[in-house]
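In order, the protein sequences belong to chains A and B.
Quick note on numbering: this note's numbering labels position 109 of the first sequence as 109, and the sequence is numbered without any gaps.
Quick note on numbering: this note's numbering labels position 111 of the second sequence as 111, and the sequence is numbered without any gaps.
Be careful, since some hints might not be right.
Since copy identity is lost for identical chains, a pair holds within one copy or between any two.
[To be verified] The calculated EDC-like cross-link candidates involving lysine to aspartate or glutamate, where the alpha carbons are at most 20 Å apart (straight line), are:
no., residue 1, residue 2
1, K54, E21
2, K54, E109
3, K54, D96
4, K54, E143
5, K54, D85
6, K54, E16
Think of the hints as simulated: they come from the structure by calculation, not from any bench.
Protein chains: 2
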Amino acid sequence: MSRHFCYGALMPASPEPIGLEIARTGRALSREFNEALTAAGGSLPQWLVLITLKQGDHRMQRDIAAAIGIEGATLTHHLHRMEADGFIRRQRGAGDRRSQLVELTPAGEQLFTRLLGAVIEFDDRLRRGISDRELAALRRTLERLRTNAASPHESTSPTR
Amino acid sequence: MSRHFCYGALMPASPEPIGLEIARTGRALSREFNEALTAAGGSLPQWLVLITLKQGDHRMQRDIAAAIGIEGATLTHHLHRMEADGFIRRQRGAGDRRSQLVELTPAGEQLFTRLLGAVIEFDDRLRRGISDRELAALRRTLERLRTNAASPHESTSPTR
DNA sequence: TATTGTTATACTCTATAACTATA
DNA sequence: TATAGTTATAGAGTATAACAATA
Chain A
1 MSRHFCYGAL MPASPEPIGL EIARTGRALS REFNEALTAA GGSLPQWLVL ITLKQGDHRM
61 QRDIAAAIGI EGATLTHHLH RMEADGFIRR QRGAGDRRSQ LVELTPAGEQ LFTRLLGAVI
121 EFDDRLRRGI SDRELAALRR TLERLRTNAA SPHESTSPTR
Chain B
1 MSRHFCYGAL MPASPEPIGL EIARTGRALS REFNEALTAA GGSLPQWLVL ITLKQGDHRM
61 QRDIAAAIGI EGATLTHHLH RMEADGFIRR QRGAGDRRSQ LVELTPAGEQ LFTRLLGAVI
121 EFDDRLRRGI SDRELAALRR TLERLRTNAA SPHESTSPTR
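Could you build all of it, start to finish, from the sequences and the hints given here?
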């Protein structure tokens, strides 16, 4: 039987569920991250689009959406905005005219550079006082948690 | 000079910024967490309200909002829904008639129990294959990251 | 028929501003 | 004046469903 948390009068202070703690930490960090990006003239989804475009050859919208982990319609929504703001261009694929090939404009490149600066700065701030070793351990545990979260639910709750 | 990540043709594969990785992990876990709560008939903000009510004597809305980390108006929104669903009751304070004292109804207690079950199950699943020692290290690092994220930005970017 | 993307619509969570009622 | 909470409104991010164009 594993060590559990509990609430109310059942027991004195007990550890918060790890999922909730990470969700909470994630929200807090996301908020700060977003503020850093907003101050630099962008947003989190925009940044994700930009790095996806810079990193590899994900130029079809389908690939970008998959890389970011959002639905195609949601991506369309963001790309509309980014295109209206002049950060990206879209053109139909020559081979397959259904596909839209996305590319950065010079303004988009500038935005990327600006956001990259904000990201680096934020990352430096976050890592203050945390050793490389500790950080590596963190990454390993996070990876494991993601795997566990995505794994099947197993026999814990047989009914329903 | 610290080890940095980078993108595009500058360098081969490099680690993702830790802030982004946590934000990503947080989103993924939040999503699963939410699905677990939804399947049990609740939601994340509802759960946060419930544990806040169960944990201590945060009965004034102001305190609940502060404990959860949302604005008062946002809490009002959630409480409206929870009251309409019969999970909580509100009554004006006897001493200070401006305040609303929130309490769980029997249905609210049942919801709490149901959600607690879902949370425990999810937590067990998440912690699979992670030692107590590793988990403790994770919590310490997360705490440090939250502190760092909330800390002043320091001299990294002197301009602007 | 299947795939790529768009449009229309809606939901959740959040926030700000203006307001009511108490203190 | 200050505080507790509400109402109205809005915005960001997300999703689903129905659709058009192309394969």
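Notebook entry, point to check: With identical chains treated as interchangeable, where does the CA-CA distance between K54 and D96 reach 20 Å or less: within a copy, between copies, both, or neither?
Noted result: neither (22 Å within a copy, 58 Å between copies)
Item checked: Within, between, both or neither: K54, E109 at alpha-carbon 20 Å -> within (9 Å within a copy, 50 Å between copies)
Next item on the list: At 20 Å max between alpha carbons, let me know whether K54 reaches E21 within a copy, between copies, both or neither.
Entry: So K54 and E21 pass the 20 Å test across copies only (18 Å; inside, 32 Å).
Checklist line | Copy assignment of K54 with E143, given that the CA separation must stay at most 20 Å | finding: neither (24 Å within a copy, 32 Å between copies)
Item checked: Within, between, both or neither, where K54 and D85 count as close if Cα-Cα is 20 Å or less -> within (18 Å within a copy, 48 Å between copies)
Notebook entry, point to check: For the identical chains here, do K54 and E16 meet the 20 Å Cα criterion within one copy, between copies, both, or neither?
Noted result: between (38 Å within a copy, 14 Å between copies)
The structure shown violates the earlier hints numbered 3, 4.
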